[in-house]
Amino acid sequence: MRIYVTGYGVISSIGENVEETLLGLQSEKSGIKQGEKVYTERFKVGEIRWTNDQLIERFQLTQQASRTAILGMIAAKEAFKGHTLSPDVRTGLISGTSVGGMDVSELAYKDFLNGEQDDLNTYRNHPSGTTSEQIARELGVSGYVNTISTACSSAANSIMLGARMLLSGQLDRVVVGGTDGLSQFTISGFRSLMIFDDEWCRPFDESRKGLNLGEGAGFLVLETEKTLQKTGKTPLALLSGWCNASDAYHQTASSPEGLGATLSMRGALEQAGLQPSDIDYINAHGTATPNNDLSESHGIKAVFGNTIPPFSSTKAYTGHTLAASGGIEAVFALLALQKGALLPNLNFRNPIEETQLIPVKNYSEGNAITHILSNSFGFGGNNSTIILSKV
Amino acid sequence: MKYFIQHIESISHQNTFQQDNIWDELKPLEGENALISPDYKLYIPVAALRRLSTILRMGIAASKVCQEKTPLEFDAISVGTSLGCLTDTEKFLTTINTVSGDILSPTAFIQSTHNTISGQISLDLKNHAYNMTHTQNALSFEVALMDGLLCIDEGKKSVLVGATDEAIPFLERLRGTLIETKSPFTTGATFSVISPTKGNSVAHIIGCEIFFSSEGTEQLINQFLTKHALTLENIDLVLEAGNTLVKRVQKHLSFITYSGYYQSASSFALHLANDWFKSYSNTKNILIVNNLESNKLGLTLLSRNEVEA
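Residue numbers (the working numbering), protein chains in the order written: chain A, 1 to 391; chain B, 1 to 309.
Isolated chain B, as found in the complex (with noise of 0.2 Å):
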């Protein structure tokens, strides 16, 4: 089976949304770069937009793109994401714990719950269909994307899959003990329209999966490269978190560089991928790496669509 990739919107921190390439002005992310947000009125009614935190503006904007550029109405939903809507969390945790009294303003709670994100999706878009929300730490786009990938077996036509988090100056606090990065906090949202025809796609996934093991990362991934009859010499483009594979590929990049630090971040390099494509004619696999956090491990293998004769 085939996954092709029919649309794919990011909001980042960098000019990645309604792109036709991205590779086109990105750059390596610099610390002091801000999330670039669209303008969401253009997205949202005003009166529902102002009590949504950043999360769901990104989900629903991103979403409702991707539903416009894509013919058929999403028959599945499937969002990852590790730490959910942080901000209505905190700000809850912060109200439950200052103000006094038996009257407390619902909306900060309602909205920290993780599937606030694809519910909101849902309602926007008035879909009726599976909705589902996976939260793997690290992993959390990729369990999301495995079960887009499934809704496809099972015979669904058009799934929209993503992921995203948003970052908050609290996790400032944890970076070095609980958080090994040098790269700056960012917030982020990629989602993707997933089908088992070609349409206008450039490239399809082939398949994702996810490891929990100490195992070495590169036995790992022979692994997984073998049951779809490859080997690393056959991959162009290794997109990884670190740079542990850099002397050991064709061609890498640590799609952190240009995401900055969120841990559905491979989800942005899923767009990365998709685009690479559109600029280098010659590249026929891509590897996704995420070894974002230590004995974990997501892979995800694209390929570009064969020309037809």
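This is chain A alone, in the form it adopts within the complex (with noise of 0.2 Å):
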């Protein structure tokens, strides 16, 4: 049985839809630069410029939420916009974040902290499975509803379960996708780890010296064939592979071999029924910290060998969104498949000398691209690598 795509919906930095996504990967300009709220100043951040009550207006939510579920709401609704809701389609929903409603419930707990008196009510906001809740509400999605929180990988994670939940029957339909509001919590949690660059973030270049954070969600509407009978939705896309395994490393550092990305890339494309040269294009994890981009770099070699296939990070557009990075980088793999794009690696300049890899340095379109590869590696060594492909 096979799994379409039938709906996507992004919002980052580099735009608040799918075709103002698809202009910024064109022009290739960078959706990052020096943070504008309190938190973020300090930082070059892909920020989204609009407080949360802005986006709830903007985007007429019936919802007050947190930042994390306002821009899950958000991408959701684009990708099942056109989608009916029936009683004979069975539909779900599940989320990838990393840190839920951090974003409203720090802001309560300051005060808090502060001896001052802070408003209870924002804490229900705060558990990660409530912004899936909110998501789902906005859609009127009420059958199955889930939250999968595996850090960087969290959004990958969700698109392959979705996927595992269609095969096995259980729904008909599913949405999926991740989601990550900037926060206090998490620039400094990055902060803490040293990990930040100063600069605009150079994925597997020579000099790359840590990651941009940035903010976003993305999501897809996922169908069998039986449901498209159903539904007579067209599919854009078949999502033909998916693996998460376990690095089993390091809490936070990738193993210098890249054993669990080489793993889950295998995986993945075992499950595809794919050869590693059926692959057109990796969209790789690509941080820009030298221990992801190393080790990711010696994974990519030890399954793609001598001849590897276009590759390239889009965190340099976008900063590293988190938990939504696997959806936005999923939006990003359809719009890459529709137009035949390779998407540049924004920003490179060097190899690492170590592994010599040159990643796709400019946009162009009408290549011949059937399957692309995108990987999302997460604390824990959780590792997660999913495969889209031409109907």
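Keep in mind that the hints were calculated from the coordinates and are not lab data.
Subject to a maximum C-alpha distance of 27 Å in a straight line, what follows is the list of computed BS3-like cross-link-like pairs (lysine-lysine):
# : chain 1 : residue 1 : chain 2 : residue 2
1 : B       : 227       : B       : 198
2 : A       : 110       : B       : 91
3 : B       : 251       : B       : 227
4 : B       : 227       : A       : 226
5 : B       : 91        : A       : 37
6 : A       : 301       : B       : 126
7 : B       : 227       : A       : 230
Two independent chains are provided; combine them into the complex using the hints.
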């Protein structure tokens, strides 16, 4: 049985919807700039300029919620546009997030620490699970709702779980993806790890120093062949492969040889019934930290040998959007499939000395692209790969 | 498909860790019961132990025993947690609001993400398999279990399914406003090994489903049981979060009475059910009804293994 993509939606610092996002990718302009919020102003971030209230108004959302939930609602609504709910199409929603409603609860908690009256109601929006329930409510989805929280691979894992729920016949259609809003907690956390680059991040470049954070959300709608007969939707792409594997090396660092990455890429190829030579483009995880990019490079070399397909990290466009990245980059992959596009790895100059891999440097369309492999790796050695293919 | 419970371990406010049958010493929980922690040095290297919060310690220790007691290396790990690593989350929130300067210790941040639990388990067991962390408020255990059962459907042979949450004093502030319960807030972890073959198991899981609905609990239960060709009359014991079904069923216990309140406590009910089968040989079917949160329902159906002739 095949799993089809019948809708997608995205919001990030390069665009508030799919159309703007494509223009952003084509223009080769990064969405990363000096932050404008109290907690981002010292950093280069892929920030969405609007406040939570502005976003609710711009996108006519019906619920007050955390930034993570709001961004998720925006992208999921776009993905689900044109789809209709009916009792004979059992529809679920799986969303990934790392911090859930932290952006609002951290403000209340700060009041509490300062001995001021904190609004207890604010904490209602805190749990990660609540963000997904709010997104589901915005779409009217009330069947199976679940949240994956595996740090930066959360959205990829949500996509994967959605496909498996469809294959097992527990659902007919599922909205899958991930969302993360920037918060003081996240900014301070990554600062404490000392893996920020003060300049624009440079994935896969010898001089890379670290990442820029970003925020956003990306969602897909997945359906089975059987469901398509009921919904009459036109399939836009195939979700042909997926795999999650554990690096089991270190809580935050990736193994030098990229074992987890190798396992997840091989597993996804096997699931799809594809050979490495079938892959036309790799959207790498490529956070621009010294450790990730070296480890992922070794993983790519282990899987693809001497004939490495065009690859790039799009993190220099959006910043690292954490739990959302796998969803946002899945949308990038869908656009790339549609346009035959190779997406550039902005800010790249010199290859990593040890691995000598050179990513795609410029945007181009009209390439023969049938299969795209997309990597998402998270803390805890959580490595995931999905493969999107032309129908 | 039957999903056999090969082994199950709980760390709770009662004597439940590494016990043959937890019912032997179980009592309704009193407010003053504290978490009974095993001697973690037996399971975790001392150097690592110092940095680990309770929720991480519980996850590693319970998983380690589960792996030791079962023959196959786990080929999937699925963990549920509602609020995740609360101690470290609160610690880091406090740090960023009170410590000035640019140097912050990253440990609490690193260990605050929900999947630190499953990540630490994979690290400790050197396990490279599928590793998933689910979080869905009071249904966090059920969504993790559903993934675990799906793994068995897909051909996996030995799946670790667990759920855990930890209480912090801050939660008391939300009692009555955001959290409606009179039970004490507790900390707990239950980890189990699910397999497609009987092995040494006593019972198996028949199915698990979740519902987000304001429909009546009993109506949803009947729909669920009908799918498995059963009715409420066939259920010998109902383990419910609350007490709404007490007059409607043959035998009824509230699992929160024994576990205390944490949002993934229905995982503890799985342990209660598994060991109940050991104590009462005439019990055929047990239903776990997780209605801890309103308009959300988790149902898990278990059955005693048939004796082979």
